[in-house]
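**Q** Protein sequences, first through last, are from chains A and B.
If you read the first sequence in our numbering, its first letter stands for residue 4, the second for the next number, and so on.
If you read the second sequence in our numbering, its first letter stands for residue 3, the second for the next number, and so on.
Just so you know, these hints were derived from the structure itself, not from any lab.
For clarity, every value in this text was computed on a predicted model and none was experimentally measured.
Heads up, some of the hints might be wrong.
Interface residues of chain A toward chain B, partial, derived using beta-carbon atoms under 8 Å [said to hold, decoys possible]:
1. Phe38
2. Leu50
3. Arg53
4. Phe94
5. Met105
6. Gly110
We treat Cβ as the ideally placed atom computed from N, Cα and C, and that holds for glycine.
Listed below are the residues making up each chain.
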Amino acid sequence: AQTVTQSQPEMSVQEAETVTLSCTYDTSESDYYLFWYKQPPSRQMILVIRQEAYKQQNATENRFSVNFQKAAKSFSLKISDSQLGDAAMYFCAYRRYNNNDMRFGAGTRLTVKP
Amino acid sequence: DVKVTQSSRYLVKRTGEKVFLECVQDMDHENMFWYRQDPGLGLRLIYFSYDVKMKEKGDIPEGYSVSREKKERFSLILESASTNQTSMYLCASSSTRLLNTEAFFGQGTRLTVV
Numbered sequence: 004a005q006t007v008t009q010s011q012p013e014m015s016v017q018e019a020e021t022v023t024l025s026c027t028y029d030t031s032e033s034d035y036y037l038f039w040y041k042q043p044p045s046r047q048m049i050l051v052i053r054q055e056a057y058k059q060q061n062a063t064e065n066r067f068s069v070n071f072q073k074a075a076k077s078f079s080l081k082i083s084d085s086q087l088g089d090a091a092m093y094f095c096a097y098r099r100y101n102n103n104d105m106r107f108g109a110g111t112r113l114t115v116k117p
Numbered sequence: 003d004v005k006v007t008q009s010s011r012y013l014v015k016r017t018g019e020k021v022f023l024e025c026v027q028d029m030d031h032e033n034m035f036w037y038r039q040d041p042g043l044g045l046r047l048i049y050f051s052y053d054v055k056m057k058e059k060g061d062i063p064e065g066y067s068v069s070r071e072k073k074e075r076f077s078l079i080l081e082s083a084s085t086n087q088t089s090m091y092l093c094a095s096s097s098t099r100l101l102n103t104e105a106f107f108g109q110g111t112r113l114t115v116v
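Based on the sequences and whatever the hints tell you, model everything.
**A** Here you go:
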C-alpha cells in the first residue's frame with residue numbers, strides 16, 4: 004500500500020508570516036493525485052488544495068501553494084500571510100489515478116500566534 | 003454543495019455492544035469510505051465501498067463490518083465494541099466519474115467505549 008509521511012507533528016507560525024508543511028509519499032505509480040486537507044477544531048475536513056501528478060505546474064489557491072517534486076516524491080504546502088483561522092490539523096493525502104481509496108498522513112498541527 | 007452527514011457527533015457505548023455508525027451523502031457519489039482518526043496515526047482506512055452492496059477492506063478492518071444497501075448510505079458496524087475502538091470515525095464520499103475530485107467528509111463521530 005502507498006504510504007504518506009508527514010514528519011512534522013506540530014508547527015507554529017507568527018500571524019502574517021509564511022510556513023511550510025512537509026509531506027512525502029511512496030508510490031510506484033506515475034499517475035496520481037495529491038491533496039492537502041485542513042481539519043479545524045470543528046472537525047470538518049476541508050480541501051485546501053489538490054495537485055495532479057501529470058501537471059508540472061505547482062497548484063496555487065490564494066495564500067496556499069504547493070511545491071510538488073515528483074522525482075523526490077515530495078509535496079509540501081506553503082501558507083503565506085498566515086491568519087489565525089489557519090490554525091488546524093493539516094493532512095496530506097494520496098490517491099492513485101484509477102483507484103478510489105485515499106491514503107492520509109499522520110497530520111501536522113499548525114498553531115498561529117497573534 | 004456536497005453534504006456528508008454522520009448520524010451522531012458523539013456516542014458512548016458499553017463494551018460488547020453492537021454499534022452502528024450511519025453516514026449519508028447527497029451527491030450521488032459512487033464511493034464511500036470509513037476512516038478512523040487517532041492522534042499521531044492520522045486517518046486510517048477501515049472499509050470503502052465503490053458501489054451498492056460492494057465493499058473492500060482497508061488497512062484496519064478487524065472488528066468492523068460495513069453495509070451499503072443504498073447508494074447514499076454507508077454504515078459502519080462494530081459487532082462487539084471494545085475499548086480499543088474508542089476513536090474518531092470519519093465518513094467520506096467521492097465520485098468515480100470525476101477522478102480528480104477530492105473526497106468530501108462528514109463531521110465525524112467521536113465514539114467512546116466504556
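**Q** Please go over all the hints and tell whether each is borne out by the structure.
**A** Against the structure, the hints come out as follows:
1. Phe38: Given a least distance of 6 Å, the restraint on A:Phe38 holds.
2. Leu50: holds (5 Å)
3. Arg53: Holds - the Cβ of A:Arg53 comes within 8 Å of chain B, reaching about 6 Å at its closest.
4. Phe94: holds (6 Å)
5. Met105: holds (5 Å)
6. Gly110: holds (5 Å)
The structure fails none of the hints (numbered hints given earlier).
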